[in-house]
Amino acid sequence: MQDDSTAESPEAARRRRRGIYLLPNLFTTGGLFAGFYAIVAAMAGHYSIASGAIFVAMLMDGLDGRIARLTRTQSAFGEQYDSIADMVSFGLAPALVIYQWSLHDLNVYGWMWAKVGWLGAFVFVVAGALRLARFNVRVHVVDKRYFQGLPIPSGAGLIAGGVWLGQSFGIGGDTVVVPALAATIVAGLLMVSSIPYYSFKDLNLHGRVPFAYVLVIPLIFVLIALSPPKTLFGAFLIYALSGPVLWVWRIARRRRIARQMEHRKG
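For the sequence shown, the residue numbers in this note's numbering are 1 to 266.
Think of the hints as simulated: they come from the structure by calculation, not from any bench. For every residue, glycine included, the Cβ atom is placed at its ideal position computed from N, Cα and C. Keep in mind that the hints are not guaranteed to be accurate.
Said to hold, decoys possible - Here are the simulated distance ranges between beta carbons: (1) 168 to 251: 32 to 40 Å; (2) 112 to 199: 37 to 45 Å; (3) 112 to 245: 30 to 38 Å; (4) 119 to 255: 34 to 42 Å.
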């Protein structure tokens, strides 16, 4: 028989269920703050700082989920809060940064091109929203090894990395406005595409690996320390291109196998 003095009252149980887990949501809030600060910094013309803030938000986004799993503090509230924070940090923030840095300079070609500039940024925003919504409703039914479409943090990393790289070389956004517009729209389209991207979720980080693999981690840190904009932009560009390249390769491989099968039957 349970002692009534130690039993939790129904009211206390309801209060506990209404509460939220603090630790993982602190990291989510930190990522949201970084995304908001990226917008503020871009409005003030500090584009390198704005781009760096988006990468800080990306770090926070990677930590909150892992901390929630390690501490067993996952919750439906945390998932929804994380999705909203991602929309600000990886949807709105990079779109506004690239617009302030480059796309608004399309207005020198006339009012029609000025509209093209902010509509291009909006394509990225709405694609990010759709990408998050699709991920949320299909999270339990898709293959965990692959993402369907480019993940929104990777799209944000591609845009922010491009701005940061341009700033590091002293390149003004007005001189690369056409490539910036193309990159923004293409990144948005990749996010809502059905192209599979490897998720790295099936990597066994707890098992034994060859000693040489351990050198990869300090090498990554060295490359980032030497030139953060070059390394980060290069990494996200390669990842963004990996999806279409592997997708085309798989289609070509299936067609080659089908032709071989037909040839053998003939």
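Status of the hints after comparison with the structure:
no.: 1; hint: 168 to 251: 32 to 40 Å; result: 37 Å, holds
no.: 2; hint: 112 to 199: 37 to 45 Å; result: 40 Å, holds
no.: 3; hint: 112 to 245: 30 to 38 Å; result: 35 Å, holds
no.: 4; hint: 119 to 255: 34 to 42 Å; result: 37 Å, holds
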